[in-house]
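Undergrad: From first to last, the protein sequence lines stand for chains A and B.
Residue numbering for the first sequence follows numbering that gives the first Met the number 0, beginning at 0 and increasing consecutively.
Residue numbering for the second sequence follows numbering that gives the first Met the number 0, beginning at 0 and increasing consecutively.
Keep in mind that the hints are not guaranteed to be accurate.
With a cut-off of at most 25 angstroms between alpha-carbon atoms, the simulated DMTMM-like pairs for lysine to aspartate or glutamate come out as follows [said to hold, decoys possible]:
(1) A:Lys309 with B:Glu28
(2) B:Lys46 with A:Glu524
(3) A:Lys411 with B:Glu144
(4) B:Lys199 with A:Glu184
(5) B:Lys10 with A:Glu215
(6) A:Lys411 with B:Glu98
(7) A:Lys576 with B:Asp146
(8) A:Lys576 with B:Asp36
(9) A:Lys2 with A:Asp655
(10) B:Lys10 with A:Glu213
(11) A:Lys576 with B:Glu40
(12) A:Lys84 with B:Asp36
(13) A:Lys584 with B:Glu41
(14) B:Lys46 with A:Glu564
(15) B:Lys46 with A:Glu574
(16) B:Lys10 with A:Glu574
(17) A:Lys84 with A:Glu110
(18) B:Lys5 with A:Glu528
(19) A:Lys392 with B:Asp150
(20) B:Lys90 with A:Asp415
(21) A:Lys584 with B:Asp36
(22) B:Lys195 with A:Glu184
(23) B:Lys10 with A:Glu528
(24) A:Lys411 with B:Glu24
(25) A:Lys411 with A:Asp438
(26) A:Lys522 with B:Glu48
(27) A:Lys84 with B:Glu144
(28) A:Lys411 with B:Glu28
(29) B:Lys46 with A:Glu528
(30) A:Lys562 with B:Glu41
(31) B:Lys46 with A:Glu512
(32) A:Lys84 with B:Asp137
(33) B:Lys10 with A:Asp416
(34) A:Lys522 with B:Glu40
(35) A:Lys576 with B:Asp150
(36) B:Lys17 with A:Glu574
(37) A:Lys563 with B:Glu144
(38) B:Lys90 with A:Asp416
In short, the hints are calculated from the structure, not lab data.
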Amino acid sequence: MIKLDAKIPEGHISEKWMKYKSSMDLVAPNNKRKLEVIVVGTGLAGASASASLAELGYKVKTFTFHDSPRRAHSIAAQGGINAAKNYRNDGDSVHRLFYDTVKGGDYRSREANVHRLAEVSANIIDQCVAQGVPFAREYGGTLDNRSFGGVQVSRTFYARGQTGQQLLIGAYQALSRQVSLGNVEMYNRHEMLDVVKVDGKARGIIARNLLTGELESFAAHCVVIASGGYGNVYYLSTNAMNSNVSAAWRAARRGALMANPCFCQIHPTCIPVSGTYQSKLTLMSESLRNDGRVWVPKKMEDVEAVRSGKLKPIDIAEEDRDYYLERKYPAFGNLVPRDVASRAAKEVCDEGRGVNQSGLAVYLDFYDAILRYGRAEAFSSGLDPEDYATVKKLGTKVIEAKYGNLFEIYEKITGDDPYRTPMRIYPAIHYTMGGLWVDYNLETTVPGLFAIGEANFSDHGANRLGASALMQGLADGYFVLPYTIGTFLSKDIRTPAFSKDLPEFKKTKQEVEDRLNQLLNIKGERSVESFHRELGLILWDYCGMSRNAEGLKKGRELLRALKKEFYSNVFVPGELKEFNPELEKATKVADFFELGELMIVDALDRNESCGGHFREESQTEDNEAKRDDENYAYVAAWQWNDEGDPVLFKEPLVFDNVKLKTRSYK
Amino acid sequence: MKLTLKIWRQKNSQTKGKFEVHKIEATPEMSFLEMLDVLNEEIIEKKGEPFAFEHDCREGICGTCSMVINGQPHGPMALTTTCQLHMRHYKDGDTIVIEPFRANAFPVLKDLVVDRSAFDRIIQAGGFVSVSTGQAPDGNSILIEQDVARDAFDAASCIGCGACVAACPNASAMLFTSAKVSHLSLLPQGQVEGAKRVKKMVAQMDKEGFGNCSNTYACEAECPKGISVENIAKMNREYFSAMVSTSDK
Chain A
0 MIKLDAKIPE
10 GHISEKWMKY
20 KSSMDLVAPN
30 NKRKLEVIVV
40 GTGLAGASAS
50 ASLAELGYKV
60 KTFTFHDSPR
70 RAHSIAAQGG
80 INAAKNYRND
90 GDSVHRLFYD
100 TVKGGDYRSR
110 EANVHRLAEV
120 SANIIDQCVA
130 QGVPFAREYG
140 GTLDNRSFGG
150 VQVSRTFYAR
160 GQTGQQLLIG
170 AYQALSRQVS
180 LGNVEMYNRH
190 EMLDVVKVDG
200 KARGIIARNL
210 LTGELESFAA
220 HCVVIASGGY
230 GNVYYLSTNA
240 MNSNVSAAWR
250 AARRGALMAN
260 PCFCQIHPTC
270 IPVSGTYQSK
280 LTLMSESLRN
290 DGRVWVPKKM
300 EDVEAVRSGK
310 LKPIDIAEED
320 RDYYLERKYP
330 AFGNLVPRDV
340 ASRAAKEVCD
350 EGRGVNQSGL
360 AVYLDFYDAI
370 LRYGRAEAFS
380 SGLDPEDYAT
390 VKKLGTKVIE
400 AKYGNLFEIY
410 EKITGDDPYR
420 TPMRIYPAIH
430 YTMGGLWVDY
440 NLETTVPGLF
450 AIGEANFSDH
460 GANRLGASAL
470 MQGLADGYFV
480 LPYTIGTFLS
490 KDIRTPAFSK
500 DLPEFKKTKQ
510 EVEDRLNQLL
520 NIKGERSVES
530 FHRELGLILW
540 DYCGMSRNAE
550 GLKKGRELLR
560 ALKKEFYSNV
570 FVPGELKEFN
580 PELEKATKVA
590 DFFELGELMI
600 VDALDRNESC
610 GGHFREESQT
620 EDNEAKRDDE
630 NYAYVAAWQW
640 NDEGDPVLFK
650 EPLVFDNVKL
660 KTRSYK
Chain B
0 MKLTLKIWRQ
10 KNSQTKGKFE
20 VHKIEATPEM
30 SFLEMLDVLN
40 EEIIEKKGEP
50 FAFEHDCREG
60 ICGTCSMVIN
70 GQPHGPMALT
80 TTCQLHMRHY
90 KDGDTIVIEP
100 FRANAFPVLK
110 DLVVDRSAFD
120 RIIQAGGFVS
130 VSTGQAPDGN
140 SILIEQDVAR
150 DAFDAASCIG
160 CGACVAACPN
170 ASAMLFTSAK
180 VSHLSLLPQG
190 QVEGAKRVKK
200 MVAQMDKEGF
210 GNCSNTYACE
220 AECPKGISVE
230 NIAKMNREYF
240 SAMVSTSDK
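This is chain A alone, in the form it adopts within the complex:
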């Protein structure tokens, strides 16, 4: 029986972290040199943690399956990063960021962790600026901000529509510096396939050298999982093609618990699916909702006319358009949180008002914004603000400066020019709030096994606010883990380096090899890809934007049947000991099957609607999500069980500082 202890420090919420930091056990510099840390993953969390731990003096080994640490999928984050700097003098504060994040997460996150996140947010911006991250600037040279969904202040720092890229390059450069100083040993093209435990503690990993196919053992005093989220379980998502759950899932199979796996974020503004060969979906940053207005036609005849191409959306009269977010949520309008915006899009498409062939798309329209900015520019440069051509030209320029790269991506993919015609968008799987259960130290239930960034569950509850993923990844890596890892390592200062020749390593390595050979030896008829697609569809249909008990049960049956077929009929070409991308895919899909089932089990257990998790059984009269705080104000931490059903452990969530309210954006 596992007892979940979140290890939340005593004291007032605003003092917990400060006091804890000043009183926690430290490791002296001479001892840090003797202690080894393995970090798996080089996204924002992994790269920033590797760099910061190495700067402190720990001996770090960092792993990525990419050919370079700079390729991690954090690079694709577009919109920005939140920080409670209050540079805009608009009433922002640490408390407000904390409050917004807890509320935005629909009261399913842990207060103490979120408050700490808000506290360190400002340091992240400072750190990134010092590294040379070229954030957007105002005319006077100060940092610029924009606002993002779900909040009423401007606290999002950005670098055009490529904020993730710039932050990741900053972290990658900090990591590269430590590699050059010999403090980090970097292992590119190495995929972690298991955790090795010695006397119950995580002391190493088994990784496959993806070039040679050899399985290699690596020992350390502790292991940090920073391998990102599991959105690719759905096959189609905004994640990179190679993003996967395997590192985290292997940790779960070695005794870590997986928390709230059914909390997946569906991002409202993605480019809709266009064909059956589609391999991934592309996000259009949420920042677009600052200026874009979301709508569908009011009349069915207009819907049919735009679908068949007989009518252009710009020719639909203002009064025949339904700006449904502005109509339903006047207070937040187009800037409602992601879960609310996604469900609203699904609703209008379910009513049959979707605007593309498949009926699964809504408009995101910049026409008004172009005119608004154009008039302002015309006015300030002494031109005629009533002259349509001038206004349109100037306004287009402003929009281009703000979102140019996003508009380009859109045009490349769809062939449509969003300066002239509204974008067509639809929700898609984007981020996973669930992840490995961690305590306040970011340590899992396996001693010495830590999880940071999207790989853990801790900060976003049931829904993540825009521009908060970058914040959390970097908070964990730069400013939290470097402290909290000491709580474990300070007890290990007399423990000599572990040998990878220990029997535990040999045994685990053999188990991995057997698992891979099993997949290679099935020699069936179907490709890995075809199984992944089908698995994704099952989850999208039964455990996607809207869920009910009957569907979940059916989904689980379908998933199990497909998994059975996978293990008897998959065909994995090639051999173990060579460069073999199909084998890599097969191990990932095998793990997705188990995680997918756990997601369904979790979604079935949680008979309430909260954040990204919408249970049809639990809704208000006007079809809004209905939370059930009395019965479900807990973190669901699951232990996988090969023999039978997963076992649930509950961490009750206590809210001392934020009053539980029905989340309303009306």
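Put chain B on the given structure of chain A with help from the hints.
TA: Quick look at chain B alone, frame taken from chain A:
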């Protein structure tokens, strides 16, 4: 549309490669990589060995995808990575030749996959600001003119894909290296160690076996992010002034 693909097949860096010919049926909405996915699925169905190619984000930002398409790195479209190239730019009956990036410093690992780790080592040589976590002053204490921030951003938007090297007759890495030098030397935070940085990065670039600048500007023409050759001029200036300055020898 029906297409003929001539694709490079090479077992590993020790063996010689050759072109293989495949026929495929594609649709205009597909991306180029989705077309290759379909080809690989067909090959797997026949129990053959799929072509190895690198890819990840498929939205033009991670820099993982590479390949030379009909002689052009990342194919025919300007400012477009291979993953963002769509089949609507091809027509029925076209023959498409697909091969890996070619450069001594980028050895072929398998089929269309090359080793670009030399780029990491150039960054490790000095492509960073030496600031440790916790040492930073308030973000707004360093004021940066909007235009300067914009120019630094433009240089920093390099995705490290290596198309510049593949495009250059000399397989030079000047555009990649200069983009990083210029990103950091434009900003006050990066100027402090500017002289040391440029010398070390250029030395590493030479050591990796990249050629000299060919002055053909092919790098800029093929760069999917539009990184300007002005960065090379900036780097040369930085480099010469670093070599003559006495403060940093």
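Undergrad: Now look at each hint and say whether the structure bears it out.
TA: Here is how each hint holds up against the structure:
1. A:Lys309 with B:Glu28: 21 angstroms, holds
2. B:Lys46 with A:Glu524: Given pair Lys46 of chain B, Glu524 of chain A holds - Cα atoms ~9 angstroms apart, limit 25 angstroms.
3. A:Lys411 with B:Glu144: The given pair, whose Cα atoms are some 32 angstroms apart, is violated under the 25 angstroms limit.
4. B:Lys199 with A:Glu184: 20 angstroms, holds
5. B:Lys10 with A:Glu215: Given pair Lys10 of chain B, Glu215 of chain A holds - Cα atoms ~23 angstroms apart, limit 25 angstroms.
6. A:Lys411 with B:Glu98: 23 angstroms, holds
7. A:Lys576 with B:Asp146: Judged against 25 angstroms, a Cα distance of about 52 angstroms means the pair is violated.
8. A:Lys576 with B:Asp36: The given pair, whose Cα atoms are some 23 angstroms apart, holds under the 25 angstroms limit.
9. A:Lys2 with A:Asp655: The given pair, whose Cα atoms are some 22 angstroms apart, holds under the 25 angstroms limit.
10. B:Lys10 with A:Glu213: 17 angstroms, holds
11. A:Lys576 with B:Glu40: 22 angstroms, holds
12. A:Lys84 with B:Asp36: Distance ~46 angstroms between Lys84 of chain A and Asp36 of chain B Cα, so the pair is violated.
13. A:Lys584 with B:Glu41: 17 angstroms, holds
14. B:Lys46 with A:Glu564: The hint holds at about 18 angstroms.
15. B:Lys46 with A:Glu574: Measuring from Cα to Cα gives roughly 13 angstroms; hence the hint holds.
16. B:Lys10 with A:Glu574: 13 angstroms, holds
17. A:Lys84 with A:Glu110: 20 angstroms, holds
18. B:Lys5 with A:Glu528: With a Cα-Cα distance of about 24 angstroms, the restraint between Lys5 of chain B and Glu528 of chain A holds, given a limit of 25 angstroms.
19. A:Lys392 with B:Asp150: Answer holds: Lys392 of chain A to Asp150 of chain B is near 24 angstroms, not above 25 angstroms.
20. B:Lys90 with A:Asp415: Measuring from Cα to Cα gives roughly 19 angstroms; hence the hint holds.
21. A:Lys584 with B:Asp36: Distance ~13 angstroms between Lys584 of chain A and Asp36 of chain B Cα, so the pair holds.
22. B:Lys195 with A:Glu184: It holds: about 24 angstroms lies between the C-alpha atoms, which stays within 25 angstroms.
23. B:Lys10 with A:Glu528: Holds, at about 23 angstroms.
24. A:Lys411 with B:Glu24: 21 angstroms, holds
25. A:Lys411 with A:Asp438: Outside the cut-off at roughly 44 angstroms; violated.
26. A:Lys522 with B:Glu48: Distance of about 13 angstroms is within 25 angstroms: holds.
27. A:Lys84 with B:Glu144: Between Lys84 of chain A and Glu144 of chain B the Cα gap is close to 20 angstroms, so the pair holds against 25 angstroms.
28. A:Lys411 with B:Glu28: 11 angstroms, holds
29. B:Lys46 with A:Glu528: 14 angstroms, holds
30. A:Lys562 with B:Glu41: 22 angstroms, holds
31. B:Lys46 with A:Glu512: 23 angstroms, holds
32. A:Lys84 with B:Asp137: Given pair Lys84 of chain A, Asp137 of chain B holds - Cα atoms ~10 angstroms apart, limit 25 angstroms.
33. B:Lys10 with A:Asp416: Given that 25 angstroms is the threshold and the Cα spacing comes to 42 angstroms, the pair is violated.
34. A:Lys522 with B:Glu40: Holds. Lys522 of chain A to Glu40 of chain B sits at ~15 angstroms (cutoff 25 angstroms).
35. A:Lys576 with B:Asp150: 46 angstroms, violated
36. B:Lys17 with A:Glu574: 22 angstroms, holds
37. A:Lys563 with B:Glu144: 61 angstroms, violated
38. B:Lys90 with A:Asp416: OK: Lys90 of chain B and Asp416 of chain A at ~22 angstroms, within 25 angstroms.
Comparing the model with each numbered hint stated earlier shows that hints 3, 7, 12, 25, 33, 35, 37 do not hold.
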